[in-house]
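J.: Sequence:
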Amino acid sequence: MKRLILFLIGCLTFVNTNVIAQNHPILKTKIYPPKAKKIAKELKAHNDVRIDDYYWLNDRENPEVIKYLDQENEYNEQMTAHTKQFQADLFDEMKARIKEDDSSVPYKLNGYWYLTRFEKGKDYPIYSRKKESLDAPEEILFDVNEMAEGHEYYSLGGLNVSSDNKLMAFGVDTVSRRKYTIQVKNLETGEILKEKIKTTTGGSTWANDNKTLFYTKKDDKTLRSNQIYKHVLGTSTKEDQLVFEEEDETYNTYIYKSKSKKYLVIGCHSTLTSEFRILEADNPNGEFRIVQARERGLEYGLTHFEDSFYILTNKDGATNFKLMKTPVDNTGQENWVEVIPHRDDYLLEDIDIFEHYLVISERNEGLNKIKITKWHSDESYYLPFDNETYTAYTSINPDFDTDILRYTYNSLNNPTAVIDFNMATKEKVVLKEQEVIGGEFKKENYTTERIWATSEDGTKIPISLVYRKDLKKDGANPLLQYAYGSYGSTIDPYFSSVRLSLLDRGFIYAIAHIRGGEYLGRAWYEDGKLLRKMNTFTDFIDVSKYLIDQKYTSAEHLYAMGGSAGGLLMGAVVNIAPELYNGIIAAVPFVDVVTTMLDDSIPLTTGEYDEWGNPNEEKYYKYMLSYSPYDNVTKHNYPNMLITTGLHDSQVQYWEPAKWVARLRELKTDDNKLLFHINMDAGHGGASGRFEALKEVAEEYAFLLDLEGITE
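Read in order, the letters of the sequence shown correspond to residues -21 to -1, 1 to 691 in mature numbering (1 follows the signal peptide of the UniProt record, and there is no 0).
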């Protein structure tokens, strides 16, 4: 919990007069940052010795660690005290654009319309349904506002209704470690059954008998999803049967039901390889059988339709994937037949199958494409999109027998719209467009464009931009450059009403589509991982240089932001080219790469080897050591920096940014701000409430605007 401290210099017990002092802009007195004690620890690997003076921070049960984190929070409060009212104003401003009494577009499943809505003044959703007609009485499934009472953090997920519509399984996490407890609600009586299944992913799948529930357990320490269990309602969870265990520590496992409702599917995946097992959903006590045994480097996914499985795969060097099919009773890859061939210029991302149509989600030159093909016909066409800064994707489409495709569209200056498209008549109906309330937003007031920078190796790097149309490119504009650049995760251009608080104060917002994502296809990802990871960092830097060169901004007004693996990007960038940026925001940053990847007891580590490399092999150790932000902090000037984390983070442990901040405080040679905010109640995703998260955004925006001298 944050603490707002009214301080006197004499009561700052953590002051160390040998560290750089900061001048408080209001009180004009010195505030001293905390200084973590140093306890040297030798870390040895491959005849190399590293000294980690802050390794001791890796213990959230140590009172000294909590004390230090509290001191960092107190220092952050003091250094930002002059912006507190501005933060509150920004929060109110951002919240005021959001329709509080809002609801989702309903979708129909098995005779019921399901919807999610919010009520004014409340932080959490209400899940409900209506039988057959939207005019029918509303049946409240879960009011999360009531369920979350008394909890600092509350996450409800994995909602899963039985095929007879009488039972709903759900998962709850009240710590933010992503360890969910599964329970079941009787929708006829409103009773929540006594069974509690702990340490799960939260997701589950009903067999067609409406009493057998399959779920995924996590390892309590590493948090790896490694076991599939079967629970029968009315029995003790101690009697649950282990159906499958993934013993390879580099893999995770999960279970789901096919859209056709005919098959239960167990999936196993690592970064490079996948494997599936199937069982008829009418036969929950049967034995799962392998579709295609794992082969390193072979990735595939499957969708059931009629007497075939349609398989999206990279088989035979199909880097950008191709579509194949195989009979349901003869699923080995020797039986796979090509349906859509591999193409060098199109990334095949996903498919949606309907009774009369196959819908293909592709990416060409970075842009989302949705292609509709009629079965047993040569008829096919693409949905039309008319700019280069949009995001479009198929939405919830649970029905087979329909001509209606539901998809979602938005762009950097166009709010999110949910659209029903009739694939037979080609007519579309906009069911809902995100409402930006307050009456001030007009999409035509903003300009969007896509430009291309050239990297140091000659590669063209795309950049998506949005800014007010009256802006002049004179080098004086503040610009926030964002990127992620790992795991093949693509950051598409998307609309944000929250972002308007920057744009309307003169900021340009730029998304750098750097290597390590899949914006330009699978090869774009492959060229930004493992022993080519440095391309991710240099691409980002080269985009910054280009934006400065083209006078969108200047080094005095350029800011960068990234979170998680994007926080690693921020850490590498400020070590390599700190002079390009006036400020950096690193959220839940993965910055202690080598030490974390050498510790297979830390959650998620072993599953990351194919992304970063296994440092138990010397070549990967040396390469990741060359860019690991924590290991490469040196005595030089760093930009102003805001670093955030959560004490209970399950993805990037809090001690990574804590150690990084401590080393930065020790070695940096400038007087620039270095602020560290630890959410003591949350994890990787931050606060759980709908509007609580806006307070964190307000803090980040106030940090940037304060550096620009913008105070209102």
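These are calculated hints, taken from the structure and not from any lab test. Treat the hints with care, as some may be off.
[Claimed, not checked] Derived pair list, reagent style BS3-like, types lysine-lysine, alpha-carbon separation capped at 25 Å: (1) 16 x 46; (2) 241 x 353; (3) 448 x 530; (4) 353 x 452; (5) 110 x 164; (6) 240 x 145.
Remember, predicted model here, so these are calculated numbers, not experimental data.
J.: Is the hinted pair residue 16 and residue 46 satisfied, with a Cα-Cα distance of at most 25 Å?
T.: Since the Cα atoms of residue 16 and residue 46 sit roughly 12 Å apart, the hinted pair holds (cutoff 25 Å).
J.: Decide if the proposed pair is consistent with the structure: residue 448 and residue 530, CA atoms, cutoff 25 Å inclusive.
T.: With Cα atoms ~15 Å apart, residue 448 and residue 530 stay inside 25 Å; holds.
J.: Decide if the proposed pair is consistent with the structure: residue 353 and residue 452, CA atoms, cutoff 25 Å inclusive.
T.: Since the Cα atoms of residue 353 and residue 452 sit roughly 48 Å apart, the hinted pair is violated (cutoff 25 Å).
J.: Does residue 145 sit within 25 Å of residue 240, going by the straight-line distance between their CA atoms?
T.: Since the Cα atoms of residue 240 and residue 145 sit roughly 17 Å apart, the hinted pair holds (cutoff 25 Å).
J.: Can the restraint linking residue 241 and residue 353 be considered satisfied, given a maximum Cα separation of 25 Å?
T.: Between residue 241 and residue 353 the Cα gap is close to 23 Å, so the pair holds against 25 Å.
J.: Given the hint that residue 110 pairs with residue 164, test it: the Cα-Cα distance must not exceed 25 Å.
T.: holds, 18 Å
Going down the numbered hints, you'll see the structure goes against just number 4.
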